[in-house]
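Following the hints, position chain Y against chain U.
Which chain is which? The protein sequence lines are U and Y, in order.
Residue 242 in UniProt numbering sits at position 242 of the first sequence, and the numbers go up by one each step.
Residue 89 in UniProt numbering sits at position 89 of the second sequence, and the numbers go up by one each step.
In short, the hints are calculated from the structure, not lab data.
Since the structure is predicted, the reported quantities are computational estimates derived from the model, not experimental observations.
Don't take each hint at face value.
[Said to hold, decoys possible] Quick list of in silico lysine to any residue cross-link-like pairs, SDA-like style, CA-CA up to 20 Å:
1. U:Lys160 / U:Ala241
2. U:Lys75 / Y:Phe142
3. U:Lys208 / Y:Phe50
4. U:Lys208 / U:Arg150
5. Y:Lys208 / U:Pro55
6. Y:Lys101 / U:Ser99
7. Y:Lys208 / U:Val166
8. U:Lys75 / Y:Val141
9. Y:Lys208 / U:Trp56
10. Y:Lys225 / U:Pro138
11. Y:Lys225 / Y:Gly122
12. Y:Lys75 / U:Phe142
13. Y:Lys256 / Y:Asn22
14. Y:Lys101 / Y:Pro49
15. Y:Lys101 / Y:Leu235
16. Y:Lys62 / Y:Glu44
17. U:Lys75 / U:Gln30
18. Y:Lys62 / Y:Pro35
19. U:Lys208 / Y:Ser48
20. Y:Lys208 / U:Ser79
21. Y:Lys62 / Y:Cys257
22. U:Lys208 / Y:Gly74
23. Y:Lys75 / U:Ser79
24. Y:Lys168 / Y:Ala116
25. U:Lys151 / Y:Ala116
26. Y:Lys151 / U:Val54
27. U:Lys208 / Y:Pro51
28. Y:Lys64 / Y:Pro51
29. Y:Lys208 / U:Val54
30. Y:Lys208 / U:Ser78
31. U:Lys151 / Y:Val54
32. U:Lys168 / U:Ile220
33. U:Lys208 / Y:Trp56
34. Y:Lys151 / U:Ser79
35. U:Lys101 / Y:Ser99
[To be verified] Every beta carbon over 12 Å from chain Y, so not counted as near; a handful from chain U, in silico:
36. Glu161
37. Lys168
38. Leu232
39. Ser240
40. Glu247
The C-beta atom is built at its ideal place from N, Cα and C for all residues, glycine as well.
Each chain, written out:
Number of protein chains: 2
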Amino acid sequence: MAAVQQSDAPLASTTDEKPISNIVIVIAMQTEAQPVVNKFELIEDPNSPFPEGVPWVRYHGKFKGLNLNLIWPGKDPSSGVDSVGTISSALVTYAAIQSFKPDLIINAGTAGGFKARGASVGDIFIASDCAFHDRRIPIPVFDLYGVGSRKAFETPNLVKELNLKVAKLSTGDSLDMTPQDESSITANDATVKDMEGAAVAYVADLLKVPAIFVKAVTDIIDGDKPTAEEFLQNLAAVTSALDLAVEQVINFIDGKCISEL
Amino acid sequence: MAAVQQSDAPLASTTDEKPISNIVIVIAMQTEAQPVVNKFELIEDPNSPFPEGVPWVRYHGKFKGLNLNLIWPGKDPSSGVDSVGTISSALVTYAAIQSFKPDLIINAGTAGGFKARGASVGDIFIASDCAFHDRRIPIPVFDLYGVGSRKAFETPNLVKELNLKVAKLSTGDSLDMTPQDESSITANDATVKDMEGAAVAYVADLLKVPAIFVKAVTDIIDGDKPTAEEFLQNLAAVTSALDLAVEQVINFIDGKCISEL
Chain U
1 MAAVQQSDAP LASTTDEKPI SNIVIVIAMQ TEAQPVVNKF ELIEDPNSPF PEGVPWVRYH
61 GKFKGLNLNL IWPGKDPSSG VDSVGTISSA LVTYAAIQSF KPDLIINAGT AGGFKARGAS
121 VGDIFIASDC AFHDRRIPIP VFDLYGVGSR KAFETPNLVK ELNLKVAKLS TGDSLDMTPQ
181 DESSITANDA TVKDMEGAAV AYVADLLKVP AIFVKAVTDI IDGDKPTAEE FLQNLAAVTS
241 ALDLAVEQVI NFIDGKCISE L
Chain Y
1 MAAVQQSDAP LASTTDEKPI SNIVIVIAMQ TEAQPVVNKF ELIEDPNSPF PEGVPWVRYH
61 GKFKGLNLNL IWPGKDPSSG VDSVGTISSA LVTYAAIQSF KPDLIINAGT AGGFKARGAS
121 VGDIFIASDC AFHDRRIPIP VFDLYGVGSR KAFETPNLVK ELNLKVAKLS TGDSLDMTPQ
181 DESSITANDA TVKDMEGAAV AYVADLLKVP AIFVKAVTDI IDGDKPTAEE FLQNLAAVTS
241 ALDLAVEQVI NFIDGKCISE L
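Chain U on its own, in the form it takes in the complex (with noise of 0.2 Å):
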């Protein structure tokens, strides 16, 4: 435990204090992350610090006193999709903190959400908890490996200002819902389901950057309409409620330590 906190301490005595400078916003899908490149007025790198091969586009400026690196990792080459789900998700924040080392990581993005739990579409969600709902691995340790639940860094203050809802957020890479996933989804308390969010999680948390998750819900899983034909219903609209959502969070960002958030 002590030494938990010892390594815990030299983030918090470094970075704490100082104001914001670098944020990466990571957003999976191209309908997503337009209107957040539009009003920001970023623009897209052509060199890339990326390797050749991979189809990820850095979308980059300044805002205010923030220096802007929005990644979206891109169509697949090979069936021209956008590159949703964790493997994407998990490749794309690493090889951001190792080139533009930010002191905050967003991850923003829609989700699907459980009426039961309060949650209505367009709702914006910021997780307080991300875990994965499809990694089952029934050996003892193994299995918390496996639901790999982590909390997010926590912004009480933004949350409060911006009036958003706190909910735990549960990953996978699937668009439906086994009752298996179910069963995962309602053991990790969630209230909104992703393909993503504990993917980024995983992999900020490694490299020690605080990340917190930006989530609009375009579906609702326990509702009547089918997850894939209510998700590409609602998904232009929502996407403007996560826009509007991002601007706002990057705006309560400006000027602020992370310890303020």
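For chain Y alone, kept in the frame of chain U given last:
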């Protein structure tokens, strides 16, 4: 189509005609990695090129004409167990390719096998194809991205010389298998099931590094015994078979060009 052939051409002309020199071996579990480390007298690198915070371990050494880098994703800092699964293996594959510019990647490890498709405990398989069975995205084209089926690098001479079985591999982040996983594994036409292969294949394909997959069967999925129990029971014994197979594969590779495998 022409563009694809063009972009493949430089790889063939520059890399294929000189003997293979640098190999990265990705092995997820310490129990699987240690015998290979011992056999080739690999040395742990105390100053690995990986960033602070990641548990990834690099073992390296020379064997005949080959520079070997064996990367084990290490013990998860939070839980203390081996960092198994797709995210860790994708990350270490990415980082190892960046650091060591390998001519070839070998992903070796244990796997479950289907007896109905001819697998027995202790069998060694070379994967012809890798795909995911737990990334269901029921939206056109996203469904194909989720499955992420791709051919492993073909090694007709190697499998003939070493008399190895060849079959399709299906990858997912769970040790168990739900009915939905089973349907996807059947759709993937897979004989062996692991937790890393398709993730290594994905990253290797993005970065255009040939990758081969050596999988040893620890448990029969369509048998009578519970997977976790059978896996743990057979892990040590099957690891010896795996270790022998990796040794034979490396011996075969030494002195050959990529195109001769």
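Numbers of unmet hints, in rising order
As far as the earlier hints go, 7, 15, 23, 25, 28, 38 are violated by this structure, in ascending order.
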